[in-house]
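Undergrad: Following the hints, complete the assembly by docking chain B onto the known chain A.
One letter stands for each residue in the lines below.
Number of protein chains: 2
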Amino acid sequence: MDETSTEQGVLSTEDCWAVLRSREFGRLAYVIEGAPSIAPINYVVDGDQLVFRTTDGTKLHNIIADPRVAFEVDEVDDADEVGVSVVVRGEAHVLSADEEYRIEQVGLRAWLGHDRPVLVAIRPAEVTGRRYQLRRPWRSMMRG
Amino acid sequence: MDETSTEQGVLSTEDCWAVLRSREFGRLAYVIEGAPSIAPINYVVDGDQLVFRTTDGTKLHNIIADPRVAFEVDEVDDADEVGVSVVVRGEAHVLSADEEYRIEQVGLRAWLGHDRPVLVAIRPAEVTGRRYQLRRPWRSMMRG
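Top to bottom, those sequences are chains A and B.
Residue numbering for the first sequence is 1 to 144, as defined by our numbering.
Residue numbering for the second sequence is 1001 to 1144, as defined by our numbering.
These are computed hints drawn from the structure, not numbers from a lab.
Certain hints may be false.
Stated by the list, open to error - Coverage of chain A stretches by chain B, computed from C-beta distances (three or more under 8 Å per stretch; other residues unrestricted):
1) 27-36
2) 69-77
3) 81-92
Quick caveat, the model's predicted, so the values are computed rather than measured.
Every residue gets a Cβ at the ideal spot worked out from N, C-alpha and C, and that includes glycine.
One chain only, chain A, in its complex shape (with noise of 0.2 Å):
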């Protein structure tokens, strides 16, 4: 965290980028006829891009159909009881296989099990992100 950062709790562009860096486990959320659905996913950063990957026949054709997507990523720092959530909003695409071998440059992890083999990358349109003071009273009385 740089000292752009407001007072507010507003991370600067700069900030949500750094954090997006930092993870490598989010949640993405898109629509299915009208309503919200949201999935697990790891990712990695690829320049200006978010890339996952995806068998999930659901996701997929949910995307190919309609490509606006959310992504959080998002820590909990109990000692500091502060805790950070950045926001993407964009668009996902799936990448053509000349796309794929770049990709596989920048290192996305297979964490989640089964292969994988369908490469998606999301185009932010707009990153924000929050810092949160956490006020847990009860942590006081227990000191207390």
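TA: Just chain B, lined up with the frame of chain A:
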């Protein structure tokens, strides 16, 4: 996790609720003008509902206009290389004053700083969960 979970990593409904009750931080997905949105929330399980506070006008206005939501919690155990994710699909509604009184009894904690006077409940229509084996080959490489 009880023994009813299948080898394929699908959690039983009971396991899903156990995960939901053990956490207090998740992500809410909702739809604004056809596009997905996602936000971190603190929540508490009250019976068969999930309850959270908000003052976010956009989120609240949208939930009233279109109550369909998806909600996700997850946990990653780096030591065991296992991840668990639970997704709730359902509808959200603003609690009335007498319902609020009841919720105060269950102790929803005001994590996120500012006052959040409006209580919203998610009534689940579907609760699903999966356990993932996290395969991270660079780990064994680092060990080796």
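Undergrad: Each hint: holds or not?
TA: Tested hints:
Residues of the region 27-36 of chain A with a Cβ under 8 Å from some Cβ of chain B number 7, which satisfies the need for three, so the listed coverage holds. For a cut-off of 8 Å, the count of residues in the region 69-77 of chain A with a CB near a CB of chain B stands at 6, and the three-residue condition holds. Here the region 81-92 of chain A counts 4 residues with a CB under 8 Å from a CB of chain B, which clears the bar of 3, and the coverage holds.
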